[in-house]
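Participant: Sequence:
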Amino acid sequence: MKFYQYLIISILCIACTNQSNSNQEKSSAVSQNFNKEWANNKLWYDGLAEVAIYDAQRIVYKKQRNFEYTYITVSEDFNKEFRVKTDDYKRKDLYKVMKLNAFASIKTENYPYHYLSSMFFYFDKPWEMDKMTTSSQEWCGNTFKEYLNEKNNYLMSYNSYFDEEGDGEQKIATETLFEDQLSYSLRSLKFKEGLNFDAKILESQISNKVGKLKIYNAKLLVAEGNNAIPEKATWKVTVNLEPNKANVYYFEKAYPNLLFKQNTWDGINLTLKKTSRYAYWQH
0 MKFYQYLIIS ILCIACTNQS NSNQEKSSAV SQNFNKEWAN NKLWYDGLAE VAIYDAQRIV
60 YKKQRNFEYT YITVSEDFNK EFRVKTDDYK RKDLYKVMKL NAFASIKTEN YPYHYLSSMF
120 FYFDKPWEMD KMTTSSQEWC GNTFKEYLNE KNNYLMSYNS YFDEEGDGEQ KIATETLFED
180 QLSYSLRSLK FKEGLNFDAK ILESQISNKV GKLKIYNAKL LVAEGNNAIP EKATWKVTVN
240 LEPNKANVYY FEKAYPNLLF KQNTWDGINL TLKKTSRYAY WQH
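Per numbering that gives the first Met the number 0, residue 0 is the first one in the sequence shown, and the count goes up by one each step.
Certain hints may be false.
To be verified - Mimicking DSS-like on lysine-lysine, the simulated pairs with C-alpha atoms at most 27 Å apart in a straight line are:
id : residue 1 : residue 2
1  : K170      : K130
2  : K191      : K231
3  : K235      : K260
4  : K130      : K199
To be verified - FRET-style restraints, in silico, Cβ to Cβ:
id : residue 1 : residue 2 : range
5  : E223      : K91       : 45 to 55 Å
6  : N262      : G165      : 28 to 38 Å
7  : K62       : Q136      : 43 to 53 Å
8  : K150      : N226      : 40 to 50 Å
9  : G193      : K106      : 34 to 44 Å
Since the hints were made in silico from the structure, they are not lab data.
In this text the structure is predicted, and so the values were computed from the model without any measurement.
Ideal Cβ positions, reconstructed from N, Cα and C, are used throughout, including at glycine.
Turn these sequences into a full structure, and let the hints guide you.
Facilitator: Structure (structure tokens):
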């Protein structure tokens, strides 16, 4: 009896190890296309935040809405105990992350929609998040979603005001890129004409619902921007999620490779309006 118990446990351990190795191999195949030193630049040690404001469009109630999307990118020191920006810089459990806050307020005929998403990337892994939170607020209610990196998986916890959703948890393999992170992660690509690779990409989580977690087997391709942005040298990154579903991003060739323009399959479009660096938290 003990022999069979040992055999079952051994088989389960081998299966888990094989799955872990498989996830690591897939992650490595994607990560090799990114510059892991991208964030290790004096720019991100100046104590200031990059504040980029975009003229934006998004379809709400089958109608294009115009608004401003604000992207704030800044380095922070997290502590492992709480996985938030530390107040005590003498702690021994600190690690650096890059925070991207994306805020939007979209007006409609009845009431406005507000979205705030915070993504925290490992400093030496611009393709992987330590955690992400995203929330929506409008007159009908609010929805909150959190994704915590647990090595092999992101643990997604959610609280939705919609029926058949409510509170719950799901898991997403960490080899998966989020569509929402691409505006940051793609800045760190090892840009060159013709660079292409495959990646699993989770459909945008910036919404007031949990919905079904749609993961695409996407293909990414880098090409010259060909004067798409007047007087700016850019790289064009096309993300083919599936047939008839493609996102296109234009990044400045010069560091820090700002996102100048974005057009997505579902009509979330961005055009850079202005950018600045300052300590927005100081009054």
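Participant: The structure should be examined with respect to each hint, and the outcome stated for every one.
Facilitator: Status of the hints after comparison with the structure:
{"no.": "1", "hint": "K170 - K130", "verdict": "holds (13 Å)"}
{"no.": "2", "hint": "K191 - K231", "verdict": "holds (17 Å)"}
{"no.": "3", "hint": "K235 - K260", "verdict": "holds (9 Å)"}
{"no.": "4", "hint": "K130 - K199", "verdict": "holds (18 Å)"}
{"no.": "5", "hint": "E223 - K91: 45 to 55 Å", "verdict": "holds (47 Å)"}
{"no.": "6", "hint": "N262 - G165: 28 to 38 Å", "verdict": "holds (35 Å)"}
{"no.": "7", "hint": "K62 - Q136: 43 to 53 Å", "verdict": "violated (20 Å)"}
{"no.": "8", "hint": "K150 - N226: 40 to 50 Å", "verdict": "holds (43 Å)"}
{"no.": "9", "hint": "G193 - K106: 34 to 44 Å", "verdict": "holds (42 Å)"}
Of the hints listed earlier, the one the structure fails to meet is number 7.
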